[in-house]
Amino acid sequence: DVKVTQSSRYLVKRTGEKVFLECVQDMDHENMFWYRQDPGLGLRLIYFSYDVKMKEKGDIPEGYSVSREKKERFSLILESASTNQTSMYLCASCSAPPYEQYFGPGTRLTVT
Amino acid sequence: LAKTTQPISMDSYEGQEVNITCSHNNIATNDYITWYQQFPSQGPRFIIQGYKTKVTNEVASLFIPADRKSSTLSLPRVSLSDTAVYYCLVGDMNTGFQKLVFGTGTRLLVSP
Numbered sequence: 001d002v003k004v005t006q007s008s009r010y011l012v013k014r015t016g017e018k019v020f021l022e023c024v025q026d027m028d029h030e031n032m033f034w035y036r037q038d039p040g041l042g043l044r045l046i047y048f049s050y051d052v053k054m055k056e057k058g059d060i061p062e063g064y065s066v067s068r069e070k071k072e073r074f075s076l077i078l079e080s081a082s083t084n085q086t087s088m089y090l091c092a093s094c095s096a097p098p099y100e101q102y103f104g105p106g107t108r109l110t111v112t
Numbered sequence: 001l002a003k004t005t006q007p008i009s010m011d012s013y014e015g016q017e018v019n020i021t022c023s024h025n026n027i028a029t030n031d032y033i034t035w036y037q038q039f040p041s042q043g044p045r046f047i048i049q050g051y052k053t054k055v056t057n058e059v060a061s062l063f064i065p066a067d068r069k070s071s072t073l074s075l076p077r078v079s080l081s082d083t084a085v086y087y088c089l090v091g092d093m094n095t096g097f098q099k100l101v102f103g104t105g106t107r108l109l110v111s112p
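In order, the protein sequences belong to chains A and B.
Here our numbering is used: the first residue of the first sequence is 1, the next is one more, and so on.
Here our numbering is used: the first residue of the second sequence is 1, the next is one more, and so on.
A portion of the hints provided could be inaccurate.
Just some of the chain A residues that point at chain B, by a computed CB distance under 10 Å [said to hold, decoys possible]:
| no. | residue |
| --- | --- |
| 1 | ASP59 |
| 2 | CYS91 |
| 3 | PRO98 |
| 4 | ARG108 |
| 5 | VAL111 |
With a straight-line Cα cutoff of 27 Å, these simulated DSS-like cross-link-like pairs (lysine-lysine) come out [unchecked claim]:
| no. | chain 1 | residue 1 | chain 2 | residue 2 |
| --- | --- | --- | --- | --- |
| 6 | B | LYS3 | A | LYS57 |
| 7 | A | LYS71 | A | LYS55 |
| 8 | A | LYS55 | B | LYS3 |
In case anyone wonders, no lab produced these hints; they're calculated from the structure.
Everything numeric in this text was worked out from a predicted model, so none of it was measured.
Every residue, glycine too, gets a C-beta built ideally from N, C-alpha and C.
Whole structure, please, built from the sequences with the hints as guidance.
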């Protein structure tokens, strides 16, 4: 059974803290994604990666960075967390067409 | 990627057929149409994908008219477990994932 796992289901951080969200997939997928999901706004793409050490900005990259040192692992970094980054963060991966994305369960991050 | 418009919510009863329409007026020639389903506290799950006419799998059917400016996800004989949010995604992921936009989705409530 294919699986995408995220390091935490719930996370509470303080404003200004550095936050790491980790995602691991076991399907040998080339492509990995980070989204945030907010009520009324749907899913919005933050960053994605085509391959190890490759990264591309999505629709809302400001305030975030990513790291992909190994094919199976894609990390989202909030250098200095702010309250407007309180959200649900979803990681996904996919391979060749039809680019069916497999999602993790999500991390609900609260920044206080 | 083409912007999509879906109804915010729909209600149905068990055993009925449900049709959810997505409008994508500026769809490009190479864009595909993909639908995802999301249950509470879970990441989205791929349902179906199509380019034109009709596609059917064990879960749903996807109807796409000749002009491709809209598409309809059809769920036959829904059950309570089909209560979820359904997202329409339009794009040509062969050329990249920039601006991947899921939209706000349609919240389907199935009642007994």
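Outcome of the hint check:
1. ASP59: holds (5 Å)
2. CYS91: holds (8 Å)
3. PRO98: Hint on PRO98 (chain A): holds, closest Cβ of chain B at ~5 Å, below 10 Å.
4. ARG108: holds (9 Å)
5. VAL111: violated (20 Å)
6. B:LYS3 with A:LYS57: With Cα atoms ~18 Å apart, LYS3 (chain B) and LYS57 (chain A) stay inside 27 Å; holds.
7. A:LYS71 with A:LYS55: Between LYS71 (chain A) and LYS55 (chain A) the Cα gap is close to 12 Å, so the pair holds against 27 Å.
8. A:LYS55 with B:LYS3: holds (24 Å)
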